[in-house]
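These protein sequence lines are chains G and R, in that order. With the numbering used here as the guide, the letters of the first sequence map in order to residues 1 to 970. With the numbering used here as the guide, the letters of the second sequence map in order to residues 1001 to 1437.
Hints listed in this document are in silico derivations from the structure and should not be mistaken for laboratory results. Note that the Cβ used here is the ideal one computed from N, Cα and C, for glycine as well. Certain hints may be false.
Straight line, CA to CA, 25 Å or less: simulated DMTMM-like cross-link-like pairs of lysine to aspartate or glutamate [what the hints assert, rightly or not]:
{"hint": "1", "chain 1": "R", "residue 1": "Lys1142", "chain 2": "G", "residue 2": "Glu739"}
{"hint": "2", "chain 1": "G", "residue 1": "Lys966", "chain 2": "G", "residue 2": "Asp796"}
{"hint": "3", "chain 1": "G", "residue 1": "Lys554", "chain 2": "G", "residue 2": "Glu538"}
{"hint": "4", "chain 1": "R", "residue 1": "Lys1142", "chain 2": "G", "residue 2": "Glu130"}
{"hint": "5", "chain 1": "G", "residue 1": "Lys966", "chain 2": "G", "residue 2": "Glu240"}
{"hint": "6", "chain 1": "G", "residue 1": "Lys424", "chain 2": "G", "residue 2": "Asp374"}
{"hint": "7", "chain 1": "G", "residue 1": "Lys519", "chain 2": "G", "residue 2": "Asp495"}
{"hint": "8", "chain 1": "R", "residue 1": "Lys1183", "chain 2": "R", "residue 2": "Glu1008"}
{"hint": "9", "chain 1": "G", "residue 1": "Lys424", "chain 2": "G", "residue 2": "Glu384"}
{"hint": "10", "chain 1": "G", "residue 1": "Lys966", "chain 2": "G", "residue 2": "Glu701"}
{"hint": "11", "chain 1": "R", "residue 1": "Lys1142", "chain 2": "G", "residue 2": "Glu829"}
{"hint": "12", "chain 1": "R", "residue 1": "Lys1142", "chain 2": "G", "residue 2": "Asp93"}
{"hint": "13", "chain 1": "G", "residue 1": "Lys424", "chain 2": "G", "residue 2": "Asp414"}
{"hint": "14", "chain 1": "G", "residue 1": "Lys519", "chain 2": "G", "residue 2": "Asp93"}
{"hint": "15", "chain 1": "R", "residue 1": "Lys1142", "chain 2": "G", "residue 2": "Asp732"}
Which chain R residues stay away from chain G? Per the calculated CB distances, all over 12 Å, these [unchecked claim]:
{"hint": "16", "residue": "Phe1141"}
{"hint": "17", "residue": "Thr1154"}
{"hint": "18", "residue": "Ile1293"}
{"hint": "19", "residue": "Leu1361"}
{"hint": "20", "residue": "His1380"}
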Amino acid sequence: MREDGLRENERPEEPTLSRREWFKLAALGGLLGLGAQTPRTFDQLIPLLVPNEQIVPGQATWYATSCRECPAGCGMLVRNREGRAVKCEGNPDHPLNAGRLCARGQAALQGLYDPDRRRAPVRRRASGEEVTLTWADALTDLGKHLAPLRHSGRVAVISDLQTGSLAALLQRWLAWFGSDRYLIYEPLNYEGLRGGLQAVEGRPYVPVYRLEQADFVLSLGADFLDTWVSPVHHTQRFVEHRHGANVPGFVYAGPRLSLTAAAADARLLVAPGQERLVALALLQVLAAAGPLPGWPAWLTARRLSAFTPEAVAPVLGVTPGWLRDLARRWAGARAPVALGDPGVSPGPEASETAAAAHLLNLASGTPALAGTVDHALGQTATAEQTRALLAELDTGAIDTLIVFGANPAYSLPDPGRWQVALEKVRQVISLTPYRDETSLTSHWALPVGTPLECWGDYEPQTGVANLLQPTTGPLYGAPSPGDALLLLAAAAGCDLPATFGASSFHEYLRNRWRQRAGKTDFEEFWRESLRRGGVWSEPPASPRPTVTRAAASKLSFSPPAAPVGPRLCLFPTMTLFDGRGAHKRWLQELPDPMTKIIWESWVEISPATAQAAGLSAGQVVTVEAGGRQVTAPLLVTPGVAPGTVAIPLGQGHTAFGRYAQGRGVNAFPLGIAVDAVTVTPTGRRQELLRTDGEPYQLDREIVRMLPRSQLATARPEPLIMPLTSGFTRDRDLYAPPPEPERRWAMAIDLSRCTGCSACVTACYAENNLGVVGPDHAPRQRVMSWVRVDRYFDWRDPQAPAVFQPMLCQHCEAAPCEPVCPVFASAHNEEGLNMQVYNRCVGTRYCSNNCPYKVRRFNWFDYDWPEPLNWQANPEVSVRCRGVMEKCSFCIQRIREVEFRARQEGRPVRDGEVTPACAQTCPAQVFTFGDLRDPQSKIARLVATNPRAYQVLPQLNTKPAVFYLKKILND
Amino acid sequence: MPEFTYREINQEIMQALSRPTRRYFLVLACLALGLGAGLLTFLYQTLVGMGVTGLNVPVGWTPYITNFVFWIGIGHAGTLLSAILYLFRVEWRNAVYRAAETMTVFAVATAAMFPLIHLGRVWVFYWLLPYPNQRHLWPNFKSPLMWDVVAVTTYFVVSVLFLYMGLIPDLAALRDASTGWRKRLYARFALGWDGNHHQWRHYLRAYMGLACLATPLVISVHSVVSWDFAMALLPGWHETIFAPYFVAGAIHSGLAMVITLLIPLRKILRLERLIEVRHLAALAGLNILTALIIGYAYAVEPFMAWYSGDAAERSYSAFRAFGPYAPYYWIMLVCNVALPLLYSFRRVRESLPWLLGISLLINVGMWLERYVILVTPLAHGFLPSSRGLYTPQWVEIAISLASGCLFLLGFLVAVRLFPIVAIAENKPLPAPPPEVV
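Let's have the full structure, built from the sequences with the hints guiding it.
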């Protein structure tokens, strides 16, 4: 055969088009051309004019960077497809999070693609009118304004927590203006914690403990599995540790049933500020019982005589014996550690909780503190420093104020204060990607890139230096904050190379990292650092912290007393954190793990408090503290301490994009006073927007538990395998399908699950799930393919709240399959239960017949406002209205791995396929693999484990999702 | 029946086909308006999405399938009266069966729309039909929904045929008596009937054959409809009693609807002399039987839930009786079982106001029964975490009301076009009917 498809010696056919025919065709073509007048638009698959040779269509590129959604600074890999960042995942090499991310990390892309992002510089006239300018015009204007300020010292900067190059650049930039007014503003600045450590150890810092060294953990209000300091890091290490050889005991005392409290073996709910009494009582008992080796001689029982268990117990609402038992456990532990944090409350006992806990650690001489490192949060401004800067603004000493990354107009405890201070400042320049409250009160709002588009570095804790790189091109051409500052300086007449040694922030960053490279080749070092996502080293062994007599002599603790009236507890949520997540609709639509409330704020009080105040669930109440008030619907739950009024932070934005604005209430203004809180009904009633049906298991054995003492003797549950072996003639009408080559299955360890719901958001990101919004979410229409069910059992002191990730069980005898009239719900050759969107006509019979209720129906065509649609995973189709959808076990990931394996001519390796939920889970709850391979992790886990069970086994659906019973430590 | 001559019977029945009054047209116009509003609402639902209804996960079915089962149930009286009672040679059937048959056809047609209305993607409804196609896609005959498609279409076709078959001699009579467009219409459909002996002989055989064919359908259609639920595994649906329970319920509602419709109709159409109170009383008598059957079913359900010892079943039963939908459940019990038992009294049975009141309430009760069957098991599933309630929105209320408009519109037009009482069968035969050999 020849290349042109003709046989040898065969002549190509002569063209037979005659002249007449040619004319006819030409005329026809011309007519068609005239007819086809509509201008043709071309949809570009690759949004690049000149193709970038690094971008291969259909092939993902991964960029290592650092998550900046909270100060924890986890390592992140961002998947880029065809030039667009489409998925965030944890960096597996990173020392903090080892490949895991929380829900906020997963949702970082929603910040990048926020449809309400600023696109051009805006100048606000005195009249309030906004004028949109080009960058060039804005810089010319601002340059004229900034140039005279050289050496004046009348420039100040407020930013969120920045370390490394950007912080250095800022200081250099301020120095050029002759100023050193740089405020690192974080709404959650751990001031109480730092104050407590200062009191005991003489040094204020935010510690990152190595919980994996402890054999007993006592948390006093420190929600280290929720949001405290570095939650993914803590969850990952601590949960792993709790499932290792030496299981540490874990006791919690705090104002509310947080995820951390729910994970503890025993918990005590006490009003905020009272947690300290637990530590002080322990100190008293230990000192009285004959001190431990190394116990400081001055710390005598007599000194602590006010805190005997007998004195403290009535205030805490426990028996003295409970406290003595706890002291016995503490004394019996080899390496106990106490974490104390008063949270947001600035009350008089603010630092006492942390101080008492740390004193307990140091006096006991626990080895668990070895290797404790400083967290960068210790560098943030205290409330005093913030007040000082505001006072300085009042004097008119500052001409120009730059704000970026921070949103003080929203999160300052005194909202009016910001406006007052700004009156005396001539120019406030906001560098922000968003339309947040602060930028709306500024004279200038300059759009800068989000951390996902920018170069940068961030050192969250000693020994961990993250490198940030752009994971996608800058949207709307926004410069990075560093570049924006350099542009401003250049506009003011600064000679950038002379002043900064660089003319771009990228160059500046590289220059600084040259120092890290040392003697190695810098380019090599730089490439390697970019690839890994940073440089990490074992921190130098710090001297063992000791309590000094000098510091201790000043220590004093207020005596135990029951609080007067309800006390306020403001807490950051898993979803919105301190409010910076509020503009991301994935986070708004992620139910709060414990209350399952969505898209709004609420006020939590206990049934006893409600009864005393004559309040009932469903009422809208006004909470007043220190003269300020907020109004929100009431949640009455035993999951909050009596005498406590708990309000989540994060909602109540007056700006900040369409998803944040006008939702819930901002509780920051209440934070100035914690005592004498009043709760009064408004007379209105409002059902809370929540996604859970019934909060109790009703004895259905859906979440099963097993005491650790019975673990060794427990007999395995009978499992109905989703394989041929699971079919018996007496139980099954239909014959089993042919045995597949592979049988994908999942195991979910309920003992590990903390309820954090990172899996839910990961699924949104991976599978293009629709967001239904606040009107439809509480009407049971949330589209999440995996949800985290939470069941309460208030009678159970060990597990009052348990969590269960619930997703499609991929049953072998799936109830959804026979009922579908068009085979849209079908079994595939690997045992997966598939949903064929194209074939689905939307009878919803499958969902009705699904006992696990994991199927999700597209009630509408869910909207993806530009550019949120840029995030959509190109491997997963977007479903239209009227179609059923559900978990696919991330079939696109399975296929990708299978394709790669086939290309490489090898079988698929165990553990090679990881669904998005399993990939991100900080607690490593999920195990995924091939059940037919007896050597696979999942097969071994299920085969021998007395904890393995299936949900609703009586229905004989033969689920391929196995749950491992929650272990109760007794 | 009073003694009529053949001519008198012809006149009695044909006078009902005279030009309706203006008020009658006004009613038709209102019904058409209601139907139009429903069609627009359906268009809105199709364009925007099923989310405009109150449905959710877990409650994926309630409003439209409730209507579907309700209308199919209504459609059971016609075939029962025309086929089964024909086979049993029940004399009083002659007065009422044509009205019941007409009602059946429109009720089934109305019902058949609901499976389409409730589809998420109604524009591909034809995928539910087994038609040959290039892609070799075939519907799933394991699915009870496919059984529905088959059962309902069969029932509809047989009902239409049966109605038409019975009409043929009457159409011929009308043809002979009318002029203008009516004559042309009746002539076309009378199929050249001239009433000769041969025609009658074939006709009666065919009619008997069709009656034999239609009789099992009365039982099968609603059994199949009940399997939509019984084949699912939800507590409250997964019950073996469902088929007889549904059939009895369907006949119950169908009879009640016939009574409800005939009482005003015989007055409007001045047919009191043909459709007598004793005919209605006979229908009411049948209602006592069906009320007893469904009463038994209602009693068996909670008993079986208790007797099974299954936590989910017991919890469901308690939810149905005492949960947020409990009022509907109790109203349904009263309307469907307690009130029809009053028919045991001759005075109640033969009093038009009582008949009308009770039959109307049975209709309400039977609709509520289907509503309770649909919504409560879905709302109260296996996993407590994913329970949810259903609240109707204006969309499904509008579409449901429009379905009533469609049904009444069709029925009211039909009774003015075709004799609502069988002419031929009300004529006493001069000789015993020819033996069917």
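Now the hints, each set against the structure:
1. Taking the CA atoms of R:Lys1142 and G:Glu739, the gap is about 21 Å. The hint holds against a cut of 25 Å.
2. With a C-alpha separation of about 14 Å, the suggested pairing of G:Lys966 with G:Asp796 holds against the 25 Å cut-off.
3. Under the criterion of a C-alpha separation no larger than 25 Å, the hint pairing G:Lys554 with G:Glu538 is inconsistent with the structure, at around 34 Å.
4. Annotation: proposed proximity of R:Lys1142 to G:Glu130 is violated, straight-line Cα distance about 64 Å (limit 25 Å).
5. With a C-alpha separation of about 14 Å, the suggested pair G:Lys966 and G:Glu240 falls inside the 25 Å cut-off, and the hint holds.
6. Simply put, G:Lys424 and G:Asp374 have alpha-carbon atoms about 37 Å apart, too far for the 25 Å limit, and the pair is violated.
7. Distance hint between G:Lys519 and G:Asp495 is unfulfilled; the C-alpha atoms sit about 30 Å from each other, more than 25 Å.
8. Between the alpha carbons of R:Lys1183 and R:Glu1008 the distance comes to roughly 20 Å, so the proposed pair stays at or under 25 Å and holds.
9. Of the supplied pair hints, the one linking G:Lys424 and G:Glu384 holds, its CA atoms being roughly 20 Å apart against a limit of 25 Å.
10. Taken as a hint, the G:Lys966 and G:Glu701 pair is honoured in the structure, with Cα atoms around 12 Å apart against an allowance of 25 Å.
11. Pair hint R:Lys1142 plus G:Glu829 holds up; C-alpha atoms about 20 Å apart against a cutoff of 25 Å.
12. Among the hinted pairs, R:Lys1142 with G:Asp93 is inconsistent with the structure: their alpha-carbon atoms are about 50 Å apart, more than 25 Å.
13. Under the criterion of a C-alpha separation no larger than 25 Å, the hint pairing G:Lys424 with G:Asp414 is consistent with the structure, at around 17 Å.
14. Distance check on the hinted pair: G:Lys519 and G:Asp93 sit about 24 Å apart at the alpha-carbon level, within 25 Å; holds.
15. Of the pairs offered as hints, the one joining R:Lys1142 and G:Asp732 holds, with about 15 Å between alpha carbons and a cut-off of 25 Å not exceeded.
16. A Cβ of chain G approaches the Cβ of R:Phe1141 within 12 Å, the least distance being about 9 Å, so the stated non-interface status is violated.
17. At roughly 16 Å, the least C-beta separation between R:Thr1154 and chain G is larger than 12 Å, which holds for a residue marked as non-interface.
18. The claim that R:Ile1293 lies off the interface holds: its Cβ sits roughly 27 Å from the closest Cβ of chain G, which is beyond the 12 Å cut-off.
19. Under the 12 Å C-beta cut-off, the non-interface status given to R:Leu1361 relative to chain G holds; the minimum distance is some 30 Å.
20. The claim that R:His1380 lies off the interface is violated: its Cβ sits roughly 9 Å from the closest Cβ of chain G, which falls inside the 12 Å cut-off.
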